Amino acid sequence: MSQTNPHSSVDRSERAGSPGMVLALAVALVVVMAAFPFLQRDQATRLILALLAFLAFIGISALLAYAVGFLQIAGRQSRNDVTKIIADSSPDGQLVTEGESRVLYANETYMALSGANDAADLRAVDRLFSGAPEVAEPLYRLAQAAREGKRGAEELRITPPLLGEGEFGWYRIRVRPIERPSGPPAALWTISDVTRERERHENIFQELQHAIDFLDHAPAGFFSTDPNGNISYMNATLAGWLDFDLAQVGSGGLALRDIVAGDSAALLDAGKGPPSTVRTEQIDLDLRRRDGLRLPVRLLHRVAYGHDGLPGASRTLALNRAPGEEPAEEARAAEVRFARFFNSTPMAIATVNRDGAILRSNAAFAKLLPGALQDASGGKRMIANGIAEPHREALRTAIAAAASGSESNDPIDAALEGSTRAARLFVTPNDEADQRGAVVFALDTTEERNREEQLHQSQKMQAVGQLAGGIAHDFNNVLTAIIGYSELLLANHRPTDPSFQDIMQIKQNANRAAGLVRQLLAFSRRQTLRPQVLQLGDVLSELQMLTRRLVGEKIEVDLRQGRDLWLVKADLNQFEQVIVNLIVNARDAMPNGGKIFLRTKNVSPSECAAYGEKLLPAADYVVVEVEDTGTGIPADIRDKIFDPFFTTKEFGKGTGLGLSMVYGIIKQTGGFIFCDSQVGRGTTFRIFLTRHIPVEAPVEAPKVEEEKKAAADHTGRGVVLLVEDEEAVRSFGARALTSRGYTVLEAETGVEALRVVDEANGKIDLVVSDVVMPEMDGPTMFGELRKRGIKCRVVFVSGYAEDAFSKNLPEGEEFGFMPKPFTLKQLIETVKENMGA
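FYI, the numbering for the sequence shown is 1 to 837, going by my numbering.
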């Protein structure tokens, strides 16, 4: 029985397997086993030998078939499972359709975008964006491309967005055909939320507008021409000097000869030049105003030549030399303003020569790459010294290419020398003081990379948690049946019976497996917690004796309590399990003895930043530290220690679930756990639990001893409706309750349960129901019962925590809860307690 999460993926592409052959084999084996009591000893012996010979023949045949290649162990499914996990966890919505609208597959992101909880609520792309008239035409083009088996891509802006609280959202929708080995063609739809990308583009556009505004109102004129002499750009300052309309610029309406007086335009005619070079000239001439008057200027004219020697676009700076303009003063003022702009920009900028020696840099560069500004051999400051060794060669190559005139260098992502920071470097050509070199721009990308790593780690832990939770849920059903039937067998066998110990072994090992399942559920944060208000100082004091027995004589446990510890709210048993696991790990890290420090203290919001944990929000916490003086954890495996089944212990000495269980319990409690370790010096685990401020509530009177004794009577009367889709669990429960005097009605699904209720005319005293079932789940069935006037109490049974499904129940309704796997005694006691409620 699988758990159906909100917005889980939908996949209708796989064929359902047929269990007929397995069922036939099982029936045959049961028949053979059932025949043994009716046979004589020699007949039974011959039958056993024949059966063993038959099975041996099958095994040898299978090995022979495998050896010659007729039989293969399927691995394709595993690969498909990995591919499906990648698709399910993709940040983009993915939908596969067949024909006009039949949905074959939808991943979790698409389910969330469409607001669907299951396949019935799923909407295709055209219905997902319906209602917005501005998107009708792009959607029609995409649908047409899908029908014709072509690729298509569109970007849509809708108000409001599909998710979130913004005013609008931008979505990039792509469709492409999928060729399948069998069946009609299908189409893959991909929906990407590009709202933030659009916002970044808008911010870049605004910054570009600011730069253009700065250039337009600079105290010097500037214009650019194409190889044909047409002016493609002119700033507002120069246009004001010449009294020209800027609307004429860039449309072919204004040429170089229109603004240069006389034949002086010939001085700006670049002609042909040396291939792949840049030429800069200083020219004094007169420009012509629109009214015919002349304006004396000094031009700094730059032209770049291509590989064929033909000129490209030119860039020209114009300084006003008219009387009274004081060009020298203006030039000095412009230089001062540029220097202030250059040094105050947040982007790190440096000019370098062909060898990578720094010629000039700004303040942001000195802050980001201080190592590059330290004098190397020969007194030169080399920019490569500012980044880590593995990335230096790529930077040197980019600088050499830029110095040769190449403008197509890709950005370089590099770690910085002597720090944990990272930067993205952009290298462009530069000519300064007749020296060929490059300009290097650097952006600090440390925060961006940290966010990407955190997102990757979060997605990985979420995916592994979902997988672990699903496995644990299915195992709970199996273990419930094993434990239940073991107890039924034990009830019919005396302790002196030879089979009694065998059955006890089955039950004990099933309970061990149940413990492993609880650890998986703890990691996936789906276990049942019973939080209560705790004073951690008292809890740890009571654990002292146990911890000292756990660590042995060679290890000392030093408990140091903080004063006036705040209260927290957590499950006492689970929190004790967390401390025990951390103590045991610390003990195993010190095979030759050592010391374990167990500390507690209060941490205020202002003190949170001192821990340097970016994922820790500022709040009131009670901190528990478990520190050892052991071998420490290497940095390359520190990010894996909370993964399920990851262990550095020898085979058979650990399951790898201890720390993953600790992680899950702390996260489900609402706290945080961090690890700080140095190889050879030891490891410190810090647990942050949120401070609990109690609210006054009426104190419940303790139950009297007589009430506890009365619960020992497990017999009863009444009608119990048992709803469970797992046949083994349902059969065990029905037998157990019937043997105690109850009348048991059975139902496999919620829909069948409603039919049974109708046939019984509502004469049902208690409903015991699973939560996750096909057709109709438990909470939905609960609501339908209340609509029909059935007021009997309902007890839900699940391998997950109560709060995983209680939010789906009608508000204000009460219900009982029993976690899986449960024992026969727990089932009888739960029914007994709720029957009279």
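Keep in mind that the hints were calculated from the coordinates and are not lab data.
A hint or two may mislead.
Unchecked claim - Calculated cross-link-like contacts (lysine to any residue; reagent style SDA-like; alpha-carbon spacing at most 25 Å):
hint : residue 1 : residue 2
1    : Lys601    : Ile673
2    : Lys595    : Gln532
3    : Lys569    : Met818
4    : Lys507    : Arg735
5    : Lys367    : Arg354
6    : Lys763    : Ser731
7    : Lys763    : Val679
8    : Lys150    : Ala120
9    : Lys569    : Thr629
10   : Lys787    : Thr83
11   : Lys640    : Pro591
12   : Lys150    : Phe244
13   : Lys380    : Thr428
Stated by the list, open to error - Label-pair ranges, simulated between beta-carbon atoms:
hint : residue 1 : residue 2 : range
14   : Asp538    : Pro390    : 50 to 60 Å
15   : Asn511    : Pro91     : 49 to 59 Å
16   : Pro411    : Lys601    : 17 to 27 Å
17   : Leu546    : Leu616    : 41 to 51 Å
18   : Pro91     : Ala136    : 49 to 59 Å
None of the values given here were measured: they were computed from a predicted structure.
The beta-carbon is built from N, C-alpha and C at its ideal position, and this holds for glycine as well.
Right, here's what the structure says about each hint:
Our distance criterion of 25 Å between C-alpha atoms is met by Lys601 and Ile673, whose separation comes to about 15 Å. For the proposed pair Lys595 and Gln532, the alpha carbon gap of about 31 Å is over 25 Å, so the pair is violated. For the hint linking Lys569 to Met818, the alpha-carbon distance of about 22 Å falls within 25 Å, and the restraint holds. Distance check on the hinted pair: Lys507 and Arg735 sit about 18 Å apart at the alpha-carbon level, within 25 Å; holds.
Taken as a hint, the Lys367 and Arg354 pair is honoured in the structure, with Cα atoms around 23 Å apart against an allowance of 25 Å. At roughly 22 Å between alpha-carbon atoms, Lys763 and Ser731 fall within 25 Å of each other, so this suggested pair holds. A C-alpha spacing of about 68 Å is found between Lys763 and Val679, which places the hinted pair above 25 Å, so the restraint is violated. For the proposed pair Lys150 and Ala120, the alpha carbon gap of about 28 Å is over 25 Å, so the pair is violated.
Note on Lys569 and Thr629: the hinted pairing is violated, with a Cα-Cα distance of about 30 Å set against a maximum of 25 Å. With a C-alpha separation of about 44 Å, the suggested pairing of Lys787 with Thr83 is violated against the 25 Å cut-off. With a CA separation close to 22 Å, the supplied pair Lys640 and Pro591 stays within the 25 Å bound. With a CA separation close to 50 Å, the supplied pair Lys150 and Phe244 exceeds the 25 Å bound.
With a C-alpha separation of about 21 Å, the suggested pairing of Lys380 with Thr428 holds against the 25 Å cut-off. Separated by about 53 Å at the C-beta atoms, Asp538 and Pro390 satisfy the suggested range of 50 to 60 Å. For Asn511 and Pro91, the Cβ-Cβ distance of about 41 Å falls outside the hinted range of 49 to 59 Å, so the restraint is violated. At about 46 Å, the CB distance of Pro411 to Lys601 disagrees with the hint of 17 to 27 Å.
In this structure, Leu546 and Leu616 break the distance hint of 41 to 51 Å, their C-beta atoms being roughly 29 Å apart. Separation of Pro91 from Ala136 is about 27 Å and departs from the stated range, judged on CB atoms against 49 to 59 Å.
Hints 2, 7, 8, 9, 10, 12, 15, 16, 17, 18 from the earlier list are contradicted by this structure; the remaining hints agree with it.
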